[in-house]
Amino acid sequence: MKTNSLLEIKLPVLFHADEVIFGGKLVIEVSYFGVHIHTESHELCAETSCPIIVGDFVLSHTQTLPGYTPPGSYTLKMKMNDKNGHQLTCIGFDFSISLGIVVVDS
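1 is the number of the first residue of the sequence shown in the UniProt record's numbering; add one for each residue after it.
Just to be clear, a hint being listed does not mean it is correct.
Using 30 Å as the maximum straight-line C-alpha spacing, the simulated DSSO-like pairs for lysine-lysine come out as follows [as the list claims (entries may be wrong)]:
#, residue 1, residue 2
1, K10, K77
2, K10, K25
3, K10, K79
4, K25, K83
5, K10, K83
6, K25, K77
7, K25, K79
Label pairs and their calculated CB-CB ranges [what the hints assert, rightly or not]:
#, residue 1, residue 2, range
8, N84, E47, 16 to 22 Å
9, F33, I53, 15 to 21 Å
10, P51, K10, 21 to 27 Å
11, Q87, A46, 15 to 21 Å
12, I37, C90, 35 to 41 Å
13, L99, E19, 29 to 35 Å
Hints in this document: simulated from the structure, not taken from any laboratory.
Predicted model only: the values in this text are computed from it and were never measured.
Ideal Cβ placement from N, Cα and C applies to all residues, glycine included.
Can you build the whole structure from these sequences, using the hints too?
Quick look at the structure:
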């Protein structure tokens, strides 16, 4: 196994919009054994087509982890904010990495 290889995790998530969403931010926070280690922010319209119409939609985000990501327990929190910074939704899930294998705890 190469130590500089990358691990990509594709995160398709089903959301529901109660009103039309014209843009905003997707904020991703990662914790390792409960300790916050990483935050990143993406334009919502770069992750899905805008405007988002009322109803269900899938937001699919690919997270790239460096090859030296240590094995252990992780928590990922994904928040979606509108253009005014108001939080629209927040989801979280736990996953673990063991010898380059990702396991999602649902």
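Query - Given hint K77 paired with K25 - CA-CA distance at most 30 Å - result: It holds: about 14 Å lies between the C-alpha atoms, which stays within 30 Å.
Query raised in the report: Quick one, are K10 and K83 close enough, alpha carbons at most 30 Å?
Result: Holds, at roughly 25 Å.
Requested in this report: Using the beta carbons of F33 and I53, state whether their distance is inside 15 to 21 Å or not.
Outcome: At 40 Å between Cβs, range violated.
Query raised in the report: Is the Cα-Cα distance between K10 and K25 30 Å or less?
Result: 18 Å, holds
Query raised in the report: Are P51 and K10 spaced within 21 to 27 Å by their CB atoms?
Result: 24 Å, holds
Requested in this report: Kindly confirm whether 35 to 41 Å is satisfied by the beta carbon distance between I37 and C90.
Outcome: Violated, since I37 and C90 (Cβ atoms, about 18 Å apart) do not stay within the stated range.
Query raised in the report: K10 and K77: Cα distance at most 30 Å?
Result: The given pair, whose Cα atoms are some 14 Å apart, holds under the 30 Å limit.
Requested in this report: With 29 to 35 Å as the target window, see if L99 and E19 comply at their CB atoms.
Outcome: 45 Å, violated
Report task. Decide if the proposed pair is consistent with the structure: K25 and K79, CA atoms, cutoff 30 Å inclusive. Result -> This hinted pair holds, its Cα atoms lying about 8 Å apart.
Query raised in the report: Given the proposed pairing of K25 with K83, does the C-alpha separation stay at or below 30 Å?
Result: At roughly 7 Å apart (the allowed maximum being 30 Å), K83 and K25 satisfy the hint.
Query raised in the report: Holds or violated: 15 to 21 Å for the Cβ distance of Q87 and A46?
Result: For Q87 and A46 the Cβ distance comes to about 19 Å; the hint holds.
Query - Satisfaction of the hinted span 16 to 22 Å by the C-beta atoms belonging to N84 and E47 - result: 18 Å, holds
Hints 9, 12, 13 from the earlier list are contradicted by this structure; the remaining hints agree with it.
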